[in-house]
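Colleague: Could you build the full structure based on these sequences and the hints that come with them?
Residue numbers (the numbering used here), protein chains in the order written: chain A, 8 to 319; chain B, 408 to 876.
What the hints contain is simulated information worked out from the structure, not anything from laboratory work. Take the hints with a grain of salt, since some may be wrong.
Here are the simulated lysine-lysine pairs, DSS-like style, with alpha carbons at most 30 Å apart [claimed, not checked]:
(1) B:K453 <-> B:K567
(2) A:K106 <-> B:K490
(3) A:K251 <-> B:K822
(4) A:K294 <-> B:K679
(5) B:K617 <-> B:K582
(6) B:K822 <-> A:K252
(7) B:K876 <-> A:K294
(8) B:K750 <-> A:K106
(9) A:K251 <-> A:K214
(10) A:K251 <-> B:K861
(11) B:K861 <-> A:K252
(12) A:K252 <-> B:K876
(13) B:K837 <-> A:K251
(14) A:K150 <-> B:K750
(15) B:K612 <-> B:K561
(16) A:K247 <-> A:K218
(17) B:K837 <-> B:K822
(18) A:K252 <-> B:K833
(19) B:K700 <-> B:K567
(20) A:K294 <-> A:K218
(21) B:K837 <-> A:K252
(22) B:K561 <-> B:K490
(23) A:K304 <-> A:K214
(24) B:K750 <-> B:K790
(25) A:K87 <-> A:K58
(26) A:K161 <-> A:K304
(27) A:K247 <-> B:K833
(28) A:K87 <-> A:K150
(29) B:K700 <-> B:K750
(30) A:K252 <-> B:K679
(31) B:K837 <-> A:K247
(32) B:K750 <-> A:K294
(33) A:K294 <-> B:K822
(34) A:K251 <-> B:K833
(35) B:K700 <-> A:K106
(36) B:K822 <-> A:K247
(37) A:K251 <-> B:K876
Some chain A residues well away from chain B (every beta-carbon gap over 12 Å; in silico) [unchecked claim]:
(38) Y92
(39) G129
(40) A177
Heads up, the beta-carbon is just placed ideally off N, CA and C, and yes, glycines get one too.
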Amino acid sequence: MKNPQKILAFILLASLCLGLSACGKKPPEQNSAPPEEKESEAQKPAGDPDKKAILVVSFGTSYNETRAVTIEAIEGAVTKAFPDYEVRRAFTSQIIIDKLEERDGLEIDNVKEAMERLIADGVGTLVVQPTHVMNGFEYDEMKEAIAPYEDSFKNISYGLPLLISDEDYAEVVSILADETAEYNTDDTAIVFMGHGTEHEANSTYAKLQQKFDDAGYTNYFIGTVEAEPTLEDVVAAVEKTGAKKVVLLPLMIVAGDHANNDMAGDEEGSWKTEFKAAGYEVEPVLKGLGQYEGIQKMFVEHVQAAVDALKA
Amino acid sequence: MCLAALFSVFAGCTAKNDETETEGKAAISFVDDDGYQINLGAPAKKIISMYSAHTENLYALGAGEQVIGGHTTCIFPAEAAPKATYDYQGDPEYVIAAEPDLVLIRPRISRAAPEFVESLRNAGITVVSLYPNTLDAFPDYINKLAALAGKEEKAEELLKVFDAGLNEISDLTSKAEDKQTVFFESTEVNIRTVAEGSMPDMAIKFAGGKNIAQGALPMTEGSSIAEFGAERVLENGEGIDVYVSQRGAMNAGGNLQSISERPGFDTVSAVKNGRVYVINEKLISSPTFRYVKGVNELARFMYPEIMDDVSAYISDEPATKRDFANLITRCLHIPVYVPSSSKYYLENRDTHTYGMFEDIHWYDHDFDYIETAVYSGYVSWRKGEDGKEYFDPDSGVTREGLAKTVFIAGDFSAKEANTAISDLGKCGNKRIVQILVDNGVFELDENGSFLPDKQVTHNEIIQALRFVK
Numbered sequence: 008m009k010n011p012q013k014i015l016a017f018i019l020l021a022s023l024c025l026g027l028s029a030c031g032k033k034p035p036e037q038n039s040a041p042p043e044e045k046e047s048e049a050q051k052p053a054g055d056p057d058k059k060a061i062l063v064v065s066f067g068t069s070y071n072e073t074r075a076v077t078i079e080a081i082e083g084a085v086t087k088a089f090p091d092y093e094v095r096r097a098f099t100s101q102i103i104i105d106k107l108e109e110r111d112g113l114e115i116d117n118v119k120e121a122m123e124r125l126i127a128d129g130v131g132t133l134v135v136q137p138t139h140v141m142n143g144f145e146y147d148e149m150k151e152a153i154a155p156y157e158d159s160f161k162n163i164s165y166g167l168p169l170l171i172s173d174e175d176y177a178e179v180v181s182i183l184a185d186e187t188a189e190y191n192t193d194d195t196a197i198v199f200m201g202h203g204t205e206h207e208a209n210s211t212y213a214k215l216q217q218k219f220d221d222a223g224y225t226n227y228f229i230g231t232v233e234a235e236p237t238l239e240d241v242v243a244a245v246e247k248t249g250a251k252k253v254v255l256l257p258l259m260i261v262a263g264d265h266a267n268n269d270m271a272g273d274e275e276g277s278w279k280t281e282f283k284a285a286g287y288e289v290e291p292v293l294k295g296l297g298q299y300e301g302i303q304k305m306f307v308e309h310v311q312a313a314v315d316a317l318k319a
Numbered sequence: 408m409c410l411a412a413l414f415s416v417f418a419g420c421t422a423k424n425d426e427t428e429t430e431g432k433a434a435i436s437f438v439d440d441d442g443y444q445i446n447l448g449a450p451a452k453k454i455i456s457m458y459s460a461h462t463e464n465l466y467a468l469g470a471g472e473q474v475i476g477g478h479t480t481c482i483f484p485a486e487a488a489p490k491a492t493y494d495y496q497g498d499p500e501y502v503i504a505a506e507p508d509l510v511l512i513r514p515r516i517s518r519a520a521p522e523f524v525e526s527l528r529n530a531g532i533t534v535v536s537l538y539p540n541t542l543d544a545f546p547d548y549i550n551k552l553a554a555l556a557g558k559e560e561k562a563e564e565l566l567k568v569f570d571a572g573l574n575e576i577s578d579l580t581s582k583a584e585d586k587q588t589v590f591f592e593s594t595e596v597n598i599r600t601v602a603e604g605s606m607p608d609m610a611i612k613f614a615g616g617k618n619i620a621q622g623a624l625p626m627t628e629g630s631s632i633a634e635f636g637a638e639r640v641l642e643n644g645e646g647i648d649v650y651v652s653q654r655g656a657m658n659a660g661g662n663l664q665s666i667s668e669r670p671g672f673d674t675v676s677a678v679k680n681g682r683v684y685v686i687n688e689k690l691i692s693s694p695t696f697r698y699v700k701g702v703n704e705l706a707r708f709m710y711p712e713i714m715d716d717v718s719a720y721i722s723d724e725p726a727t728k729r730d731f732a733n734l735i736t737r738c739l740h741i742p743v744y745v746p747s748s749s750k751y752y753l754e755n756r757d758t759h760t761y762g763m764f765e766d767i768h769w770y771d772h773d774f775d776y777i778e779t780a781v782y783s784g785y786v787s788w789r790k791g792e793d794g795k796e797y798f799d800p801d802s803g804v805t806r807e808g809l810a811k812t813v814f815i816a817g818d819f820s821a822k823e824a825n826t827a828i829s830d831l832g833k834c835g836n837k838r839i840v841q842i843l844v845d846n847g848v849f850e851l852d853e854n855g856s857f858l859p860d861k862q863v864t865h866n867e868i869i870q871a872l873r874f875v876k
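Modeller: As structure tokens, then:
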């Protein structure tokens, strides 16, 4: 995925140099401006500071209905909370962008395309809000992709991912405990499946587990698909509780491929199948974090903090 | 269906693109689907296939060894996947350097990458473009492909089997009293369907169904996709018995969850009754011999009692794992599994890799049902000391093995009963055995023993699978 992104980045940068925006519109004057004028434009922010936008950056999902109730719901909450800002969308997964375009004819910007369009449209004040769970590779790559464009805005600020501060952890524990209260009985283990990463931010999962434990939710467990804690770790931990039933939920913003297949799939190796093979009654709940109003509210709060951090 | 071969096969020598010189001389001579006169002196020995259906059909014809490479999407059969891959969006020099004596394309490729194709021709490589636009053109297409690979006899045999397979399904489903009506979703955006006469539309007819979108016109000439829309689905909702969604690289109907979540779709009979099925596009929209399997799948969705009838299996004889996989897939009416991602064989997995059993090949009669039962996690497999994967189709099934399958596939809760099981200590998974005994799925013998290692019979499997809802 990295190479195509780099190639795309090169093409987009090249097209910027040629004065072409991603949507095919010409940014004002760039192509025809005399060299001296071009130079002076490059030295000052191109946009109007009163033209304000919030760019909500998500990984993306090809599950249309899920996207509507998660990513679009977060975008909707942000739109409602910040009426002075235009809210725009970008996805970081080029594979998903390409798939949606080819399959559904949906045009969704990647981060670079979104930045180019914001500049072309003369936006001068920008808040970037990722819907990532943690500040892992996706978050780093998003910031790297935006960095070359920062000077084109008079005012730019970043909202934080979901789980950063101690308050974030406490709030997420509280929201998830409330949302899963109906399953929380003596003989039930409530297991969240996170993505997992080789990035140091993978420690987020262990920290969240600790926060659940500290709050007395000792039958709540966090595991990951691609890193630690592994499914085997979680099965072993659940075994010690004497639970008879396991409720599975995604610890991901959207209930997409991982939730449908790796977690809830009727297939060898899925979390559902593995817990069943270990003798548990299993109930998968296909609800992404983005569906919870409390989580949507947290992202609005993170946007608010970023708005507050803008230069006055 | 027209089975007559329309291409000409001549005995002769060298082929040139000059009709006057080659008349009566080329061994293989026909006009391809891009209008090029093709003359080949002998069957090709080194073929690069840029279209997955061509690759699949060459393997079916027994010409797999002649295929030296293919497009990245050529992942069936599994043995085609590790061959060199080429991309028509890439540099033609890679193809030229491989020195093929034949490159197979289809008109879509020559339209999308004319320079690529031209480069190959300029390098002196024979490029043949083939694609049957309708099912009627399938035999002609196969015969041309077979001629290019020197497999004409095999083609004749396979086409007979193909026709017989379609007729058999039609005969079976014609016995159904309640003819089923189908809506076939080809894209979830704008809820498009398939055009009259397209391969999926024909498949519905072969499978004994009625297409609710009968007469739908293609969106563009030659397209298999047709407009329909959510509104018309809902207008006809009560009459839709079965809802089929086609998914794969080229098509994206919804999945069970997304279709069920759509506003108003809970009024559609098929959604209400849990009769929404997903079918892989490779089985239903691609011009390959697997199309019969796609038709069989549609028939299974519509008439499960007829198509998944297990009366032939009723017996008190011990069952093999082959029987077990068949019974599971039929009794539980599981749609057959087919991987669709072109990256499937590039991914690392701890689970079984489709098509990689040393003892079950893709042309095995039970291949699909065995792969499906294993993919579902219902039947075990093993990795040998040689690192290869084995299914052991002739080995038996134990009571505990059956118990594990029934528990994974079913929806059982622990009961208060806690029946005493004298040999529970010998069971690998005590919790599963206890729950299933308490739920009445398994009976104990006169000594109160479960007998975990005892082999089960066909009838015992059928009986136990009845408990799976």
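Colleague: Now look at each hint and say whether the structure bears it out.
Modeller: Verification of the supplied hints:
1. B:K453 <-> B:K567: Holds, at about 27 Å.
2. A:K106 <-> B:K490: Distance ~26 Å between K106 (chain A) and K490 (chain B) Cα, so the pair holds.
3. A:K251 <-> B:K822: holds, 10 Å
4. A:K294 <-> B:K679: holds, 21 Å
5. B:K617 <-> B:K582: holds, 15 Å
6. B:K822 <-> A:K252: holds, 12 Å
7. B:K876 <-> A:K294: Holds, at roughly 24 Å.
8. B:K750 <-> A:K106: holds, 14 Å
9. A:K251 <-> A:K214: holds, 26 Å
10. A:K251 <-> B:K861: This hinted pair holds, its Cα atoms lying about 27 Å apart.
11. B:K861 <-> A:K252: Given that 30 Å is the threshold and the Cα spacing comes to 29 Å, the pair holds.
12. A:K252 <-> B:K876: holds, 18 Å
13. B:K837 <-> A:K251: holds, 13 Å
14. A:K150 <-> B:K750: holds, 29 Å
15. B:K612 <-> B:K561: holds, 27 Å
16. A:K247 <-> A:K218: holds, 19 Å
17. B:K837 <-> B:K822: Status holds; Cα separation ~14 Å.
18. A:K252 <-> B:K833: holds, 24 Å
19. B:K700 <-> B:K567: holds, 15 Å
20. A:K294 <-> A:K218: holds, 21 Å
21. B:K837 <-> A:K252: Holds. K837 (chain B) to K252 (chain A) sits at ~15 Å (cutoff 30 Å).
22. B:K561 <-> B:K490: holds, 23 Å
23. A:K304 <-> A:K214: holds, 22 Å
24. B:K750 <-> B:K790: With Cα atoms ~22 Å apart, K750 (chain B) and K790 (chain B) stay inside 30 Å; holds.
25. A:K87 <-> A:K58: The hint holds at about 17 Å.
26. A:K161 <-> A:K304: holds, 28 Å
27. A:K247 <-> B:K833: Answer holds: K247 (chain A) to K833 (chain B) is near 21 Å, not above 30 Å.
28. A:K87 <-> A:K150: With a Cα-Cα distance of about 25 Å, the restraint between K87 (chain A) and K150 (chain A) holds, given a limit of 30 Å.
29. B:K700 <-> B:K750: holds, 23 Å
30. A:K252 <-> B:K679: With a Cα-Cα distance of about 28 Å, the restraint between K252 (chain A) and K679 (chain B) holds, given a limit of 30 Å.
31. B:K837 <-> A:K247: holds, 16 Å
32. B:K750 <-> A:K294: holds, 27 Å
33. A:K294 <-> B:K822: Status holds; Cα separation ~29 Å.
34. A:K251 <-> B:K833: holds, 21 Å
35. B:K700 <-> A:K106: holds, 27 Å
36. B:K822 <-> A:K247: Distance of about 20 Å is within 30 Å: holds.
37. A:K251 <-> B:K876: holds, 20 Å
38. Y92: Fine: 29 Å to the nearest Cβ keeps Y92 (chain A) off the interface.
39. G129: Label holds. Min Cβ-Cβ 32 Å, cutoff 12 Å.
40. A177: holds, 32 Å
In the structure shown, no violation is registered for any of the earlier numbered hints.
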